[in-house]
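**Q** Going down the list, the protein sequences come from chains R and B.
With this note's numbering, letter number 64 in the first sequence gets 64, and the count goes up by one each step, no holes.
In short: position in the second sequence from 1, add 257, done, that's this note's numbering.
Please note that the accuracy of each hint is not assured.
[Claimed, not checked] Some but not every residue of chain R turned toward chain B, in silico, with C-beta under 10 Å:
hint, residue
1, L11
2, I187
3, Y188
4, D191
5, A254
[Said to hold, decoys possible] Lysine-lysine pairs mimicking DSS-like chemistry, simulated, CA-CA at most 30 Å apart:
hint, chain 1, residue 1, chain 2, residue 2
6, R, K170, B, K412
7, B, K451, R, K9
8, B, K413, B, K393
9, R, K25, B, K412
10, R, K248, B, K412
11, B, K393, R, K9
12, R, K25, B, K275
13, B, K275, R, K9
14, B, K393, B, K455
15, B, K460, R, K25
16, R, K9, R, K198
17, B, K391, R, K25
18, B, K318, B, K451
19, B, K412, R, K9
20, B, K275, R, K170
It is worth saying that the hints were derived from the structure and are not from the lab.
Every residue, glycine too, gets a C-beta built ideally from N, C-alpha and C.
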Amino acid sequence: MFNRLYEYKDLLLVFIWREFVIRYKQSVIGVLWAILQPVSMMMLFVLVFGVIMKTPAKNYPFVLFFYSGVLPWTFFAAAMNFAIPSLTNNVSLITKIYFPREVIPLSGIAVCFIDYLLGFLVYLILLVCYRTQVNLNFLWYFPLMGLLVIFTTAMSYLLSAINVYYRDVKLATTFLLQLWFFATPVIYSIDTVDIRWKYFLFLNPLTFIIENMRRVTIEGRGLVVWQLCLETLLVMAYFAFTQRIFIKIERAFADVI
Amino acid sequence: MSSSDVIIFNGVSKKYSKRQVLHNSLREELINAVFNRSGSSCKLAQDEFWALRDVSFNIAKGECVGLHGPNGSGKSTILKLIANVTYPSQGSVLVNSRVAPLIELGAGFHPDLSGAENIYMNGAILGLTIREIKRKTPEVLEFSGLEEFINVPVKKYSSGMALRLAFSIAIHSSAETFLFDEVLTVGDEGFQEKCIRKIDELKHQGKTIFVVSHDRNSMNRICDKILHLNGGALGEISSVGAQGELNSLGVIK
Numbered sequence: 001m002f003n004r005l006y007e008y009k010d011l012l013l014v015f016i017w018r019e020f021v022i023r024y025k026q027s028v029i030g031v032l033w034a035i036l037q038p039v040s041m042m043m044l045f046v047l048v049f050g051v052i053m054k055t056p057a058k059n060y061p062f063v064l065f066f067y068s069g070v071l072p073w074t075f076f077a078a079a080m081n082f083a084i085p086s087l088t089n090n091v092s093l094i095t096k097i098y099f100p101r102e103v104i105p106l107s108g109i110a111v112c113f114i115d116y117l118l119g120f121l122v123y124l125i126l127l128v129c130y131r132t133q134v135n136l137n138f139l140w141y142f143p144l145m146g147l148l149v150i151f152t153t154a155m156s157y158l159l160s161a162i163n164v165y166y167r168d169v170k171l172a173t174t175f176l177l178q179l180w181f182f183a184t185p186v187i188y189s190i191d192t193v194d195i196r197w198k199y200f201l202f203l204n205p206l207t208f209i210i211e212n213m214r215r216v217t218i219e220g221r222g223l224v225v226w227q228l229c230l231e232t233l234l235v236m237a238y239f240a241f242t243q244r245i246f247i248k249i250e251r252a253f254a255d256v257i
Numbered sequence: 258m259s260s261s262d263v264i265i266f267n268g269v270s271k272k273y274s275k276r277q278v279l280h281n282s283l284r285e286e287l288i289n290a291v292f293n294r295s296g297s298s299c300k301l302a303q304d305e306f307w308a309l310r311d312v313s314f315n316i317a318k319g320e321c322v323g324l325h326g327p328n329g330s331g332k333s334t335i336l337k338l339i340a341n342v343t344y345p346s347q348g349s350v351l352v353n354s355r356v357a358p359l360i361e362l363g364a365g366f367h368p369d370l371s372g373a374e375n376i377y378m379n380g381a382i383l384g385l386t387i388r389e390i391k392r393k394t395p396e397v398l399e400f401s402g403l404e405e406f407i408n409v410p411v412k413k414y415s416s417g418m419a420l421r422l423a424f425s426i427a428i429h430s431s432a433e434t435f436l437f438d439e440v441l442t443v444g445d446e447g448f449q450e451k452c453i454r455k456i457d458e459l460k461h462q463g464k465t466i467f468v469v470s471h472d473r474n475s476m477n478r479i480c481d482k483i484l485h486l487n488g489g490a491l492g493e494i495s496s497v498g499a500q501g502e503l504n505s506l507g508v509i510k
C-alpha cells in the first residue's frame with residue numbers, strides 16, 4: 001500500500017513544500033504563527049480557568065497543563081481543517097491527471113506536523129522554565145506523537161473522501177471539531193471526570209494520547225504498556241481500514257467531485 | 258493489434274450521471290469494494306447518459322492522433338481515460354506508457370507561487386523527479402520566454418503568459434505519451450508556431466501524441482490520424498497524408 005506512494009515521493013515532497021510556502025506567504029511574522037497559535041490559546045485558557053474562574057487543577061502550573069493539551073489538539077484540529085476540504089479544493093488537478101490522491105491530504109498533515117514540532121520546542125522551553133523534573137519516561141512522548149499522527153491521517157482519509165461525495169462533511173467540520181474538543185481532555189483532566197463518563201471518553205483515542213503525554217512529561221511517570229499496545233493496535237487497524245476505503249473509492253473521485 | 262500499440266481501447270463505454278448530489282454512488286462504490294465487483298452495468302440508471310459508446314481503436318507508438326468533434330462528443334472523456342483519471346463503465350482501456358496530460362490553465366498552478374516555484378509544482382505533478390526538474394528548469398524558461406518574470410507570482414501573469422509556462426513545462430516532461438486538450442490556441446501566433454514545431458519534434462522522438470482541437474488546419478498539419486467523434490460514438494478514422502490531405506481509412510460502425 002505504501003509502494004504506490006513511494007513512487008510519487010517527489011510529488012509528495014513538492015506538495016509539502018508548496019503548502020508550507022503558501023501558508024506563510026504574505027504574512028508579516030510568517031512561521032512564528034506556528035508557535036503563536038498554541039501559545040495564545042494556552043494563555044487564553046490560563047486567563048479564563050486559572051485567573052478568572054480559579055478552577056482547581058493539578059499540582060503543577062496551569063501554563064504547562066494547558067499547553068501540553070493545546071499543542072497536540074492544535075495539530076489535530078489544524079490537520080483536519082486542512083484535510084477535509086483538500087480534495088475538493090483541487091478539483092482541477094483531480095479531474096485532469098492521475099497521482100495517488102492521498103498525496104493531497106497528506107501534504108497538509110505534514111505541514112501541520114512541522115508546526116507541531118515548532119510548538120514542541122516551545123513546550124521543551126516551558127518545561128525547563130518551570131523546572132520540571134524530567135526523566136527517561138519522557139521518551140514515551142514520541143510513540144504517542146506517532147500514534148496521534150497516524151490517527152489524524154486515518155481520520156483525514158475518511159472524511160476528505162466522504163467530502164468528495166457529500167459537502168455536508170465540510171459544513172459540519174466546525175461543529176464536529178468543537179464537539180471533539182470538549183470530548184478531549186484539553187481544558188480538563190480525565191481524573192476529574194466521573195467514572196461513568198471516563199470509559200466513554202476513552203473511546204476517543206485523543207483522550208489516551210493527551211492524558212499520557214502529560215503523564216510522561218510533566219508528571220514523569222511511565223505509561224501502562226498494555227494500554228499503549230492495545231491503543232496502537234486499534235489505531236493501526238482503523239488506519240488500515242480507512243486507507244483501504246480511500247484507495248477503493250479514489251478512482252471514482254474524478255467523476256463525482 | 259500489433260506489439261507496438263501503446264494505447265488500446267476495446268469496446269469502451271463511459272456513462273455519467275446528470276444528478277448534482279450522487280446519493281447512490283458512494284454506497285455503490287463501497288458495496289463494490291466489499292464484494293470486489295467491478296461496478297459496471299450496461300444499463301443506464303435514472304439521469305445517466307453515455308458520454309462514450311462502444312469506442313475501439315489502437316494507437317501505435319509514435320503516432321500523432323487528433324480528436325475532432327463538436328462539444329460534448331466525448332473527446333475529453335477519451336483523454337481522461339488515457340490519463341487514468343477515470344475508468345470505463347464497460348470495455349477496457351490499456352495504456353502502455355507514461356502519460357503527461359497538459360493541464361489546463363491554472364490547474365497545476367498556485368497563484369501565490371512564483372513562476373519558478375510553479376515549475377517545480379507542475380513538473381512534479383507531471384511525474385518528474387525533483388532532480389530532473391532542477392536540470393530542466395533553464396530549458397523550460399527559455400522555451401516559454403518568461404525568464405524576466407521567473408520570480409513574479411503567477412497571479413500577476415497574463416493568462417497567455419501562464420498558458421505559455423504551463424505548455425513549456427508539459428512538453429519538457431519525460432513521458433512517452435502527451436495529451437493536449439485545446440492547446441493549439443495557446444499564446445500569440447509566434448508562440449503557436451513554436452508549439453507546433455515542438456510537437457513535430459516530439460513526434461520525431463517517437464512520442465505518442467493526442468491533440469484535441471477545433472482548429473482543423475493545424476490538426477491536419479501535425480496529426481497522422483484523426484478520430485471523428487459524434488455524440489460519444491466513434492465515426493470516421495481518417496489518416497492525414499504528407500501534404501495534409503485527408504484520406505478516408507474506413508468507417509467504424
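**Q** Hint by hint, say whether it matches the structure.
**A** Structure-based check of all given hints:
For the restraint placing L11/R at the interface with chain B, the shortest Cβ-Cβ distance is roughly 5 Å, inside the 10 Å limit, so the hint holds. Taking 10 Å as the C-beta cut-off, the interface hint given for I187/R is violated, the closest approach to chain B being about 35 Å. Look at Y188/R: its Cβ only gets to about 37 Å from chain B, farther than 10 Å, so that hint breaks. With 10 Å as the threshold, the beta carbon of D191/R stays out of range of chain B, its nearest partner Cβ sitting at about 40 Å, so the hint is violated.
Checking A254/R against chain B: minimum C-beta separation of about 5 Å stays under 10 Å; hint holds. Under the criterion of a C-alpha separation no larger than 30 Å, the hint pairing K170/R with K412/B is consistent with the structure, at around 27 Å. About 33 Å separates the Cα atoms of K451/B and K9/R, which puts this hinted pair outside 30 Å; it is violated. As the CA atoms of K413/B and K393/B are separated by approximately 24 Å, the hinted pair is consistent with the 30 Å bound.
Between K25/R and K412/B the alpha-carbon distance is near 13 Å, which keeps this suggested pair within the 30 Å criterion. Between K248/R and K412/B the CA atoms are separated by roughly 36 Å; this puts the pair beyond 30 Å, and the hint is violated. A hinted pair counts as satisfied when its Cα atoms are at most 30 Å apart, and K393/B with K9/R qualifies at roughly 19 Å. Proposed proximity of K25/R and K275/B is contradicted: the alpha carbons are some 39 Å apart, above 30 Å.
Simply put, K275/B and K9/R have alpha-carbon atoms about 36 Å apart, too far for the 30 Å limit, and the pair is violated. Proximity of K393/B to K455/B is assessed by CA-CA distance (about 16 Å); at most 30 Å being required, the pair is judged to hold. Among the hinted pairs, K460/B with K25/R is inconsistent with the structure: their alpha-carbon atoms are about 41 Å apart, more than 30 Å. A threshold of 30 Å between alpha carbons decides the hint, and for K9/R with K198/R the separation of about 41 Å lies outside it, so the pair is violated.
For the hint linking K391/B to K25/R, the alpha-carbon distance of about 23 Å falls within 30 Å, and the restraint holds. Restraint check for K318/B and K451/B: the C-alpha separation of about 23 Å stays at or below 30 Å, so the hint holds. Restraint check for K412/B and K9/R: the C-alpha separation of about 27 Å stays at or below 30 Å, so the hint holds. Annotation: proposed proximity of K275/B to K170/R holds, straight-line Cα distance about 23 Å (limit 30 Å).
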